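> Given the coordinates of chain A, assemble chain B onto it according to the supplied hints.
Given next are the chains, with one letter for each unit.
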Amino acid sequence: MGRQLLLEHIAVPGIETFEVYRKMGGYASVEKALKTMTPDQVTEQVKSSGLRGRGGAGFPAGMKWSFLDRKSDKPRYLVCNADESEPGTFKDRYLMEKIPHLLVEGMITSSYALGAKTSYIYIRGEYMYVLQILEKAIREAYAAGFLGKNILGTDYSLDLYVHPGAGAYICGEETALLESLEGKRGNPRLKPPFPAIAGLYASPTVVNNVETIAAVVPIVNLGGDEYAKVGVGKSTGTKLISASGHINKPGVYEIELGLPVEEFIYSDQYCGGIWKGRKLKAVVAGGSSVPILPAELILKTAKGEPRLMTYESLSEGGFISGTMLGSGGFIVMDETTCIVRNLWTFARFYHHESCGQCSPCREGTGWMEKVLHRIEHGHGQMSDIDLLVDVAKKIEGNTICPLGDAAAWPVASAIRHFREEFEYHVKFPEKVKNPKHFEIEPFVSNKQLVMA
Amino acid sequence: MAKVTIDGVEIEVADGTTILNAARQLGGASVPPAMCYYSSLKGSGGKCRVCLVKVAQGSGKDPRPIPKLVASCSTPVADGMVVQNLTSPEVLEARKGVVEFLLINHPLDCPVCDQAGECDLQNLAYEHGASTTRYEEERRTFEKIDIGDKIKLHMTRCILCYRCTMVANQLTDNRVHGVLNRGDASEISTYIEKAVDNDFSGNMIDVCPVGALTDKTFRFKSRVWFTKPMDAHRSCTKCSGKTVLWMKDNEVLRVTARKDQYGEVKEFICNECRYDHKNAADWTIEGPRHIDRHSVIAQNHYEKTDLLTLKKEIERQIEFQKGKPLPLALNEKK
Chain A
1 MGRQLLLEHI
11 AVPGIETFEV
21 YRKMGGYASV
31 EKALKTMTPD
41 QVTEQVKSSG
51 LRGRGGAGFP
61 AGMKWSFLDR
71 KSDKPRYLVC
81 NADESEPGTF
91 KDRYLMEKIP
101 HLLVEGMITS
111 SYALGAKTSY
121 IYIRGEYMYV
131 LQILEKAIRE
141 AYAAGFLGKN
151 ILGTDYSLDL
161 YVHPGAGAYI
171 CGEETALLES
181 LEGKRGNPRL
191 KPPFPAIAGL
201 YASPTVVNNV
211 ETIAAVVPIV
221 NLGGDEYAKV
231 GVGKSTGTKL
241 ISASGHINKP
251 GVYEIELGLP
261 VEEFIYSDQY
271 CGGIWKGRKL
281 KAVVAGGSSV
291 PILPAELILK
301 TAKGEPRLMT
311 YESLSEGGFI
321 SGTMLGSGGF
331 IVMDETTCIV
341 RNLWTFARFY
351 HHESCGQCSP
361 CREGTGWMEK
371 VLHRIEHGHG
381 QMSDIDLLVD
391 VAKKIEGNTI
401 CPLGDAAAWP
411 VASAIRHFRE
421 EFEYHVKFPE
431 KVKNPKHFEI
441 EPFVSNKQLV
451 MA
Chain B
1001 MAKVTIDGVE
1011 IEVADGTTIL
1021 NAARQLGGAS
1031 VPPAMCYYSS
1041 LKGSGGKCRV
1051 CLVKVAQGSG
1061 KDPRPIPKLV
1071 ASCSTPVADG
1081 MVVQNLTSPE
1091 VLEARKGVVE
1101 FLLINHPLDC
1111 PVCDQAGECD
1121 LQNLAYEHGA
1131 STTRYEEERR
1141 TFEKIDIGDK
1151 IKLHMTRCIL
1161 CYRCTMVANQ
1171 LTDNRVHGVL
1181 NRGDASEIST
1191 YIEKAVDNDF
1201 SGNMIDVCPV
1211 GALTDKTFRF
1221 KSRVWFTKPM
1231 DAHRSCTKCS
1241 GKTVLWMKDN
1251 EVLRVTARKD
1261 QYGEVKEFIC
1271 NECRYDHKNA
1281 ADWTIEGPRH
1291 IDRHSVIAQN
1301 HYEKTDLLTL
1311 KKEIERQIEF
1321 QKGKPLPLAL
1331 NEKK
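Residue numbers (the working numbering), protein chains in the order written: chain A, 1 to 452; chain B, 1001 to 1334.
A few of these clues could be false.
To be verified - Lysine-lysine pairs mimicking PhoX-like chemistry, simulated, CA-CA at most 25 Å apart:
1) Lys229/A <-> Lys47/A
2) Lys1278/B <-> Lys1242/B
3) Lys393/A <-> Lys1096/B
4) Lys1042/B <-> Lys191/A
5) Lys74/A <-> Lys149/A
6) Lys433/A <-> Lys279/A
7) Lys303/A <-> Lys32/A
8) Lys249/A <-> Lys279/A
9) Lys1266/B <-> Lys1042/B
10) Lys149/A <-> Lys35/A
11) Lys1003/B <-> Lys1054/B
12) Lys303/A <-> Lys279/A
13) Lys184/A <-> Lys1042/B
14) Lys1054/B <-> Lys191/A
15) Lys1003/B <-> Lys191/A
16) Lys1150/B <-> Lys1068/B
17) Lys149/A <-> Lys32/A
18) Lys1042/B <-> Lys1144/B
19) Lys1068/B <-> Lys191/A
20) Lys191/A <-> Lys23/A
21) Lys1096/B <-> Lys370/A
22) Lys303/A <-> Lys249/A
23) Lys1042/B <-> Lys74/A
24) Lys1259/B <-> Lys1042/B
25) Lys47/A <-> Lys32/A
26) Lys393/A <-> Lys1068/B
27) Lys1096/B <-> Lys191/A
28) Lys184/A <-> Lys117/A
29) Lys1248/B <-> Lys1259/B
30) Lys1248/B <-> Lys393/A
31) Lys191/A <-> Lys1248/B
32) Lys1096/B <-> Lys1054/B
What the hints assert, rightly or not - Residues from chain B that face chain A, not an exhaustive set, calculated with beta carbons under 8 Å:
33) Asn1105
34) Pro1107
35) Arg1182
36) Gly1183
Unchecked claim - Chain B side only, calculated, beta carbon under 7 Å to chain A, not exhaustive:
37) Gly1046
38) Leu1102
39) Arg1134
40) Leu1180
Everything labelled a hint here was simulated from the structure, so no lab data went into it.
All figures in this text were calculated on a predicted structure; none of them were measured in a lab.
All C-beta atoms in this analysis are idealised placements derived from N, C-alpha and C, irrespective of residue type, glycine included.
Here chain A stands alone, though its shape is the one from the complex (with noise of 0.2 Å):
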């Protein structure tokens, strides 16, 4: 097992309270960084770190928040996304559940760096139970001194907050996710300006991911070069993978980046092979919103060279032979799995989840799910196969927050590489009434056979 900065002490009874986790070597960047350090310097620290948002988009933090408006006179804010709602996503909640005080001690650090006075951690409405955990660990944090006035004698005060949504994938959209935090309906904002310009009450505002923000304590606590040796290449760091699907062993996994595919889906440390000694046939490698990739795109390269867990690695190529490492969901599929099955499931969720204000995406995501569920339920026709494609295409790029690129990617690359898939449902309706078609008569591709 490679090396863990973040998930290390998991295993440790009692880690969820603060008298366990301070024993473990807990808040040790708060007193690292606010007794020793300047706020820039922890900043400096993060950008040397290489570290990049653990969101999905891969943004460096580091720059992320030397884009904060320090001149302005407003407050400054720090919003942590726990807005975590990606099918296929769960590594924050097994974070927050398992080990809260890390997440609030990232807090405590990131906002001395940002200059925040009072941060906020949005969390999804459906962890509810996450929430008290969460609280609970604030009014630990705040009885010993770490949160409030004063933090540890210095002159550095900070207030923490948790804020639950209401059960809306789009607030997880930084700009949804203010707006929803300021108490209205959580629709995307048009950028510019950016949050951190004018972000939360108009002021400038840091949003970070879960995992980005933990990230920070061993950032601070190793510095940032000795973190940068982490990992390969742009891709420093560990990360947090939430792995499921047809696979041994699911559940999340910390890696360094780097780890080939190979060896995460079949070394017994991690998934631990495909169940049942079936076929790999495809990988969703982060999150539903990345396109997929057939099992031999996944584990090598178009040009031939292994794929590594890296943000590099995954999107080589680009999106006709690659992907992305996103928010790390990796979903794996066995070779009884309906492609077009899936690509209904998901498209049926940004269908549920399009927040109705721009018109490609409200009115194309709904217009997707029904041709799907049209092909998967045998009433298709060749045509429509173009349609969807066409439908993508005018998605993608053209709404106002990621949202519309979410739902159109996985549709474009599903029939980019399983177009056969999909003819097979168009020519055989009777063959695809049963929801289980796959399981009786696993699909067996031309292109394979050629291979073979």
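Below, chain B without anything else, positioned relative to chain A:
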């Protein structure tokens, strides 16, 4: 001041102007259409995506293009920016897509819709849409509801431009209606159909680009192109009193605010002017309202024509008959 080039024509506009407004200052065919942007409503725009344009050059300093198409109504210009609207096939393709999206859940009940003839969606679809649909599924439908005693809401026709919710927010002091639900199930509604009842609520009808909000005092009275629009005014304590009367003979069928060439109202009117003075004697009639030639309402307009202009227009048409390409219309700028 910033210099921008839109479809090859250069114009200098004030800093902070949006691309759409810069194009409107230029006028002519290169003005992007807009279904949700409304210059007199703060915060409108960015939602319908029909005004998408391509920025081929970000600015003079940074000549890189913007990778995605941008909403021209909400993107400010930069000095040296080069914008492509009708000259970019990518934009036309995207716009065709947006029109298709707007129409897939629209009932297309124009023959019985009061908005027909002055509907922005009709114009947009005519100019940018395809003539057939690829949508075979069931369209979403809603029940018709009354919001207030004078306004009927056909949610089925709505394209969710959010303009009417901004009228409620910005022209009146009590906001009683907004958007419920989300995605393609979202609908404009009041809280448990509570009546929209305030002095300026009627403006919601004027800002609606489609026939979702219609005037109950005018519903099914007449097709708009059979009425004669007349500019008129009266002294009103609540608003400017400047309106358009839509008349049939001497009968006033409907009163609306005055819309400019982009279909936008600059001076909103109160409900008293709109609903309670349907008598020609209450108004000082200024003269016929100028209606754009391209509009179907112009079918019936009787605006005094300058004979010289008419002669030129006829000559232009004759040139066209001879097989030459149609020169620019007289009122269109190059």
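> Hint by hint, say whether it matches the structure.
Hints, one by one, checked against the model:
{"no.": "1", "hint": "Lys229/A <-> Lys47/A", "verdict": "holds (14 Å)"}
{"no.": "2", "hint": "Lys1278/B <-> Lys1242/B", "verdict": "holds (14 Å)"}
{"no.": "3", "hint": "Lys393/A <-> Lys1096/B", "verdict": "holds (12 Å)"}
{"no.": "4", "hint": "Lys1042/B <-> Lys191/A", "verdict": "holds (16 Å)"}
{"no.": "5", "hint": "Lys74/A <-> Lys149/A", "verdict": "holds (20 Å)"}
{"no.": "6", "hint": "Lys433/A <-> Lys279/A", "verdict": "holds (24 Å)"}
{"no.": "7", "hint": "Lys303/A <-> Lys32/A", "verdict": "violated (46 Å)"}
{"no.": "8", "hint": "Lys249/A <-> Lys279/A", "verdict": "holds (16 Å)"}
{"no.": "9", "hint": "Lys1266/B <-> Lys1042/B", "verdict": "holds (12 Å)"}
{"no.": "10", "hint": "Lys149/A <-> Lys35/A", "verdict": "holds (15 Å)"}
{"no.": "11", "hint": "Lys1003/B <-> Lys1054/B", "verdict": "holds (17 Å)"}
{"no.": "12", "hint": "Lys303/A <-> Lys279/A", "verdict": "holds (23 Å)"}
{"no.": "13", "hint": "Lys184/A <-> Lys1042/B", "verdict": "holds (17 Å)"}
{"no.": "14", "hint": "Lys1054/B <-> Lys191/A", "verdict": "holds (16 Å)"}
{"no.": "15", "hint": "Lys1003/B <-> Lys191/A", "verdict": "holds (22 Å)"}
{"no.": "16", "hint": "Lys1150/B <-> Lys1068/B", "verdict": "violated (43 Å)"}
{"no.": "17", "hint": "Lys149/A <-> Lys32/A", "verdict": "holds (18 Å)"}
{"no.": "18", "hint": "Lys1042/B <-> Lys1144/B", "verdict": "violated (28 Å)"}
{"no.": "19", "hint": "Lys1068/B <-> Lys191/A", "verdict": "holds (13 Å)"}
{"no.": "20", "hint": "Lys191/A <-> Lys23/A", "verdict": "violated (45 Å)"}
{"no.": "21", "hint": "Lys1096/B <-> Lys370/A", "verdict": "holds (21 Å)"}
{"no.": "22", "hint": "Lys303/A <-> Lys249/A", "verdict": "violated (30 Å)"}
{"no.": "23", "hint": "Lys1042/B <-> Lys74/A", "verdict": "holds (23 Å)"}
{"no.": "24", "hint": "Lys1259/B <-> Lys1042/B", "verdict": "holds (17 Å)"}
{"no.": "25", "hint": "Lys47/A <-> Lys32/A", "verdict": "holds (17 Å)"}
{"no.": "26", "hint": "Lys393/A <-> Lys1068/B", "verdict": "holds (12 Å)"}
{"no.": "27", "hint": "Lys1096/B <-> Lys191/A", "verdict": "holds (24 Å)"}
{"no.": "28", "hint": "Lys184/A <-> Lys117/A", "verdict": "holds (23 Å)"}
{"no.": "29", "hint": "Lys1248/B <-> Lys1259/B", "verdict": "holds (20 Å)"}
{"no.": "30", "hint": "Lys1248/B <-> Lys393/A", "verdict": "violated (48 Å)"}
{"no.": "31", "hint": "Lys191/A <-> Lys1248/B", "verdict": "violated (47 Å)"}
{"no.": "32", "hint": "Lys1096/B <-> Lys1054/B", "verdict": "holds (15 Å)"}
{"no.": "33", "hint": "Asn1105", "verdict": "holds (6 Å)"}
{"no.": "34", "hint": "Pro1107", "verdict": "violated (14 Å)"}
{"no.": "35", "hint": "Arg1182", "verdict": "holds (5 Å)"}
{"no.": "36", "hint": "Gly1183", "verdict": "holds (4 Å)"}
{"no.": "37", "hint": "Gly1046", "verdict": "holds (4 Å)"}
{"no.": "38", "hint": "Leu1102", "verdict": "holds (5 Å)"}
{"no.": "39", "hint": "Arg1134", "verdict": "holds (6 Å)"}
{"no.": "40", "hint": "Leu1180", "verdict": "violated (10 Å)"}
Checked against the numbered hints above, the structure breaks hints 7, 16, 18, 20, 22, 30, 31, 34, 40 and satisfies the rest.
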